[in-house]
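Novice: The chain contents come next:
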Amino acid sequence: KAGVTQTPRYLIKTRGQQVTLSCSPISGHRSVSWYQQTPGQGLQFLFEYFSETQRNKGNFPGRFSGRQFSNSRSEMNVSTLELGDSALYLCASSPGRAADTQYFGPGTRLTVL
Amino acid sequence: QKEVEQNSGPLSVPEGAIASLNCTYSDRGSQSFFWYRQYSGKSPELIMFIYSNGDKEDGRFTAQLNKASQYVSLLIRDSQPSDSATYLCAGGTYNNNDMRFGAGTRLTVKP
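Taken in order, these protein sequences are the chains called A and B.
All residue numbers for the first sequence refer to the working numbering, where the first residue is 6 and numbers rise by one.
All residue numbers for the second sequence refer to the working numbering, where the first residue is 60 and numbers rise by one.
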């Protein structure tokens, strides 16, 4: 089976812009979770989607949003970018529940200038 | 209080030694536990998962779970320089449908 894929792999934006990141889960996996990873904060949970519904949300401002499509592919959007949004954004898929084994994609490295 | 806690390290062991990584969790509702390895600049990759009390072995890796003490550990036998990475502990809670990660322990295996 192909693994989790994320696009783009690298992104450079300027403050105030918005960005959309994409994640395709492992075939058959219906749960997609998004994380932000920074050196100081570690892995921070953003949100989890299952069957096009957000089931869980972390403690991030409303500038961070996401969605899931009927084929389980997911996107996350960050509006009005801030310097502090520079991070590695990871998505992970699991068969059905976020508490089950999660498999990570390669991540999208976002740099905000 | 962090829900999953790990010693950030760095932990340094000589090649061939046993590396012992530890993790504690605060949510007694956690039912699934995972160890991920993350090389610098890469994404986490799953090493092992454990659901039941006791030990689970896979090659050079042994995961140990003690739910009464809310403690999870990972032993790496015959450590190799290629094991040098950050190891993330995670606990999953089905009731809350979430997974919580520790901050990770950086391991260095010296040749």
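In short, the hints are calculated from the structure, not lab data.
We treat Cβ as the ideally placed atom computed from N, Cα and C, and that holds for glycine.
Treat the hints with care, as some may be off.
[To be verified] Far from chain A, some chain B residues (derived; all Cβ distances over 10 Å):
hint	residue
1	90
2	102
3	120
4	149
5	157
[What the hints assert, rightly or not] Stretch by stretch, here's where chain B covers chain A in the computed footprint (C-beta under 8 Å, at least three residues):
hint	stretch
6	35–49
7	81–92
8	98–105
9	108–116
Novice: Against each hint, give a clear statement of whether it holds in the structure.
Specialist: Taking the hints in turn, this is what the structure says about them:
1. Distance check for residue 90 of chain B against chain A: the nearest CB is about 7 Å away, which does not clear 10 Å, and the non-interface claim fails.
2. Listed as outside the interface, residue 102 of chain B is inconsistent with that label: its C-beta sits roughly 4 Å from the nearest C-beta of chain A, within the 10 Å cut-off.
3. With a least beta-carbon separation of about 15 Å from chain A, residue 120 of chain B lies farther than 10 Å from that chain, consistent with its non-interface assignment.
4. Listed as outside the interface, residue 149 of chain B is inconsistent with that label: its C-beta sits roughly 8 Å from the nearest C-beta of chain A, within the 10 Å cut-off.
5. At roughly 5 Å, the least C-beta separation between residue 157 of chain B and chain A is not larger than 10 Å, which violates its mark as non-interface.
6. Residues of the stretch 35–49 of chain A with a Cβ under 8 Å from some Cβ of chain B number 4, which satisfies the need for three, so the listed coverage holds.
7. Only residues whose beta carbon comes within less than 8 Å of a beta carbon in chain B count, and the stretch 81–92 of chain A has 0; fewer than three means the coverage is violated.
8. Coverage of a stretch by a chain is defined here by at least three residues with a beta carbon nearer than 8 Å to that chain's beta carbons; for the stretch 98–105 of chain A and chain B the count is 4, and the condition holds.
9. Counting residues of the stretch 108–116 of chain A whose CB lies closer than 8 Å to any CB of chain B gives 5, which reaches the minimum of 3, so the coverage claim holds.
When each numbered hint is compared with the structure, violations occur for hints 1, 2, 4, 5 and 7.
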